[in-house]
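S.K.: Below, each chain spelled out in residue letters.
Protein chains: 2
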Amino acid sequence: MSLKQSHAADIKDGNNINGTRTKFYTFDFLDLESGDKLSPVTIAYETYGKLNEHRDNAVLICHALTGDAHVAGISSETEKVGWWDSMIGPGKAFDTDRYFVFCSNVIGGCKGSTGPSSMNPITGKPYGPDFPVITIGDMVNAQVKLVEYLGIDKLLSIAGGSMGGMQVLEWMVSHPGRVRSAIPISTAARHSPQQIAFNEVGRQAIMADPNWKDGNFYGSSVPGRGLSVARMLGHITYMSDISMQEKFGRRFRDNRQPFKFTADFEVEGYLLHRGLSFIERFDANSYLFITKAIDHFDVSRGNKMHEAFKKTTAKVLVIAFKSDWLYPLYQSEAIVKACKLAGVDATYCVVDSTYGHDAFLIETEEETHLIKHYLEGVSRENGTVVFDIDYPVSLNHRVIVDMVRPGSTVLDLGCGDGTLLSLLMQEKNARDQGIEKDEKAIYKCVARGLSVFHGDLDIGLTEYGDNSFDYVILNESLQQVALPDRVLAEALRVSKEVIVGFPNFGHIASRSHMFFKGKSPVTSSLPYEWYNTPNLHFLSISDFIEYCKKRNIEITKSIFIGKNRTIKNFPNLFAEIGLFLITK
Amino acid sequence: MSLKQSHAADIKDGNNINGTRTKFYTFDFLDLESGDKLSPVTIAYETYGKLNEHRDNAVLICHALTGDAHVAGISSETEKVGWWDSMIGPGKAFDTDRYFVFCSNVIGGCKGSTGPSSMNPITGKPYGPDFPVITIGDMVNAQVKLVEYLGIDKLLSIAGGSMGGMQVLEWMVSHPGRVRSAIPISTAARHSPQQIAFNEVGRQAIMADPNWKDGNFYGSSVPGRGLSVARMLGHITYMSDISMQEKFGRRFRDNRQPFKFTADFEVEGYLLHRGLSFIERFDANSYLFITKAIDHFDVSRGNKMHEAFKKTTAKVLVIAFKSDWLYPLYQSEAIVKACKLAGVDATYCVVDSTYGHDAFLIETEEETHLIKHYLEGVSRENGTVVFDIDYPVSLNHRVIVDMVRPGSTVLDLGCGDGTLLSLLMQEKNARDQGIEKDEKAIYKCVARGLSVFHGDLDIGLTEYGDNSFDYVILNESLQQVALPDRVLAEALRVSKEVIVGFPNFGHIASRSHMFFKGKSPVTSSLPYEWYNTPNLHFLSISDFIEYCKKRNIEITKSIFIGKNRTIKNFPNLFAEIGLFLITK
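Protein chains in written order, with my numbering: chain A, 1 to 584; chain B, 1001 to 1584.
Isolated chain A (complex conformation):
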């Protein structure tokens, strides 16, 4: 486990907010999506930092299945550290010196907000099974009441992982006018049958416990054995195969009991402990109501997912973690692709982590890197942006910038750290997007305020409709993809014009190297040996021209670059780089 701990609650941080306190806001009633009414409704919440004069620096944090309002700082009541404390505080990702951060317990929960263990005013007893069915939409509608009560018109941002991410998506879709940016993490727009199945096993374990008594257990023993089994299963799905290997291996417990069905392995002891301690802090009926809300959540209400985001105006940053098998990457990708199809400004980053679903609570260094810069970009949105550009720019970047009409929409395939995109925004007022497979480069792009997708070019551009851009750029990336033919076809589908730049394999230096020495060329534009080159394809300017002819692609402009100058004559002999503007 090296330096990191496996649970966020264990993460200590020197920069705590001291003496936080959970507050309560009660309002008359809430109309539920089922048609029922919940009345009255209390929302437990905590706040950190100060709401500014314009009331435009508010950030809402949404918690996951078993979370609560105490997200940051040290509670003056319980002395516990908040569940995402390393992310929230002075100078942290959600910087409480700049932002007014708050978090509320969901309705249906058991941490201060109205839920099945709350008093039913009609009977004078806890609701139990009579608590109405609630949805993620209802949780968010209750948050809207709190936001109104706090006097906030529009949130600067909303962030949350897992079920918290579902609330973020619901805000984007159902309250688009109230959100400037959204950060859904490790989440899904709707549960898969496998995810529903895991929740159902947990529910069946609870309901199988005779202490559950159809939900009417308040005042007597709680269905602890069943709730504990549900929690144990949950914990398996929150970790990853590899993180369990690292944490437990096949080590036996120190205090193994002689009886044959007791826990022999450390992993069993850990899960049992987690299960038992959960009984103390969570209500079994809340577990049932909330997991049902999660399973039934579908941001698009059964329609095509991108339809849901058509009214969304917020910018979106979607974060996922490689080893999260409970909320696999394809679910985060689907959110980003639906956003893009709906024209929403969406950025996607996959963090390389072995911690599984828990990663969103553990990998706070990486999340900080992304979110801190992202929020800065959102806050300065209407101000003057100065891009971080190294002048003088390279000649091929200069040529590409000159090809682009001012105010165009541009997609840069293989955008690297965003140097070219920044230049296009600065000089051509372009509206940019990029795709890049390198994680560190994506971090730089996010820091630059660019909208980027973390992924491989070879999988295609299904997130974009036909002719979505004025330009697609493939600069120094075509020769590194596995399927250049397919990548070019996709580029020409989503854009009217495509700019292609590549090292010219037909350059005299390559040719001579090969002709006279009979060896694979190593030149200034192709500087690698045959055995360590990242280039998977080698093409010359003539190859590309011939290819375009074969595929009925029109070359509308071609510029050839030698050593710091453009080449007019015999470009296939003398140019190191070929740059083409092509169209269908």
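What the hints contain is simulated information worked out from the structure, not anything from laboratory work.
These numbers come from a predicted model, not from an experiment.
Fair warning: there could be bad hints in the mix.
Lysine-lysine pairs mimicking DSS-like chemistry, simulated, CA-CA at most 25 angstroms apart [said to hold, decoys possible]:
| # | chain 1 | residue 1 | chain 2 | residue 2 |
| --- | --- | --- | --- | --- |
| 1 | A | 125 | B | 1260 |
| 2 | A | 517 | B | 1557 |
| 3 | A | 247 | B | 1304 |
| 4 | A | 260 | B | 1213 |
| 5 | A | 437 | A | 322 |
| 6 | A | 213 | B | 1260 |
| 7 | A | 563 | A | 517 |
| 8 | B | 1549 | A | 517 |
| 9 | B | 1563 | A | 517 |
| 10 | A | 213 | B | 1213 |
| 11 | A | 549 | B | 1517 |
| 12 | A | 111 | B | 1260 |
If you want the footprint, here are the derived chain B segments under chain A, 3+ residues with CB under 8 angstroms [said to hold, decoys possible]:
| # | segment |
| --- | --- |
| 13 | 1203–1216 |
| 14 | 1290–1302 |
| 15 | 1534–1546 |
Where is the CB? At the ideal position from N, CA and C, for every residue including glycine.
Place chain B on chain A using the hints.
M.R.: Chain B in isolation, oriented as in the chain A frame:
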């Protein structure tokens, strides 16, 4: 789900064996690994086909966690079809016209063999929790008694999936003299903590059921709710995310009940049904004892895995399925690599399936393809083998064969369908192995009786010690790997000599093509366009000679091939293929 059904029990086959009957063999006692004694012991078993005169055509099938002895045919008692019927019968993979196939219920089970629900002769009541702790080793020792009773000295083969695969491994290690070949499928040499954790949640669910009564429930209500929860969880792990998507999607059940915690989704209804029907057919204590045996199983008893296989003389065919996340591929790979390190003849094939762990019961067409030919190879082992070779052979194959000393050990990296390996076995009596990434090519190699590993060359050769071979061959594969430098280094580590063959990029046709036309060469030995080539690296004969100098590799022989003849002068100009024998 298309044409295939999701459970083997549903698979109908026209070629059933009619009127099978479960038989019973009882013996006095069994010494258990724990030091306890089980006495008496009854083994339930079924047999199909006839034991031949030499008693050397017997194949034992081992069942998984909840299986039984009725593996094939239609039972004359229950009229049920055996659980792996599509694999066993006349003309099937385990051909009952040729082999004597049998299967026995494990001890600890509840399908006729002695288990916790059997009568304890001391008390006159069912054992319950007093049943002794049993291991996979004990299950196999009981099978050994049955094998002896049947008069079989050495088994032609043992096969089984999941826990059945563990028994296969245990036979290989603990009874090496009794096994000629072994087919472990979808299994592991030891459980990971995640696998232990899933089992422990199932056990906790059973033990949380008040009807369980510390295992003393016989004669009263069974702990059905708990057992059902355990089975529901099991079913999630047996399927895959994608197979659940295909089978259930997010469809609602037809007969949804109005009560809020009932199953709303089809997937929930399916799991509930599976859980409830399991109560009728399985004993909760057997579930506890058997899952504990699985979790504690470690074929190497805590030592390095390859140590375990040092005494194994059986040939091994390991089969795994791509979407099996309960027994992930790396566990099957680890078995194969340990076998190879121990010098065991091991073949590995990954079948591309979406059915998850269940695939071993469903993908019987692919398994038949592999196992039928494999068993044929094992049976004819001491006879005269005629290899399926297309004469005349290509010149480069002829040159390679000529380089190899008779009786050598050879590893062919990128062996394709095994043409060259067969030739080496036929003409040079070589002892061959191959590595190949294409599934269909692997099938052909298995049909040819070759020992092959299904995998990627770029991951290295960790399954082989230094100098394990006389020759490694890299014929037409070096230019297609991602990391040629690493692949060559590994080849030179595991072998004294390495034969490398590749298309010569320095050939006059390539050079001229490039020099005069300025285009990426398309020649007879490099027949692809730049945008559709499978070659990731381009090297000439001179490049390779220079590379060897740089890496201190000695070239002991080089032969150059043009159009159907060898080239003596100016090979880098005139040879289409360069063939080198190199050494450290």
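S.K.: All hints, please: hold or fail.
M.R.: Verification of the hints:
no., hint, in the structure
1, A:125 with B:1260, "holds, 20 angstroms"
2, A:517 with B:1557, "holds, 22 angstroms"
3, A:247 with B:1304, "holds, 20 angstroms"
4, A:260 with B:1213, "holds, 15 angstroms"
5, A:437 with A:322, "holds, 13 angstroms"
6, A:213 with B:1260, "holds, 15 angstroms"
7, A:563 with A:517, "holds, 23 angstroms"
8, B:1549 with A:517, "holds, 16 angstroms"
9, B:1563 with A:517, "holds, 22 angstroms"
10, A:213 with B:1213, "holds, 20 angstroms"
11, A:549 with B:1517, "holds, 16 angstroms"
12, A:111 with B:1260, "holds, 22 angstroms"
13, 1203–1216, "holds (count 8)"
14, 1290–1302, "holds (count 4)"
15, 1534–1546, "holds (count 9)"
In the structure shown, no violation is registered for any of the earlier numbered hints.
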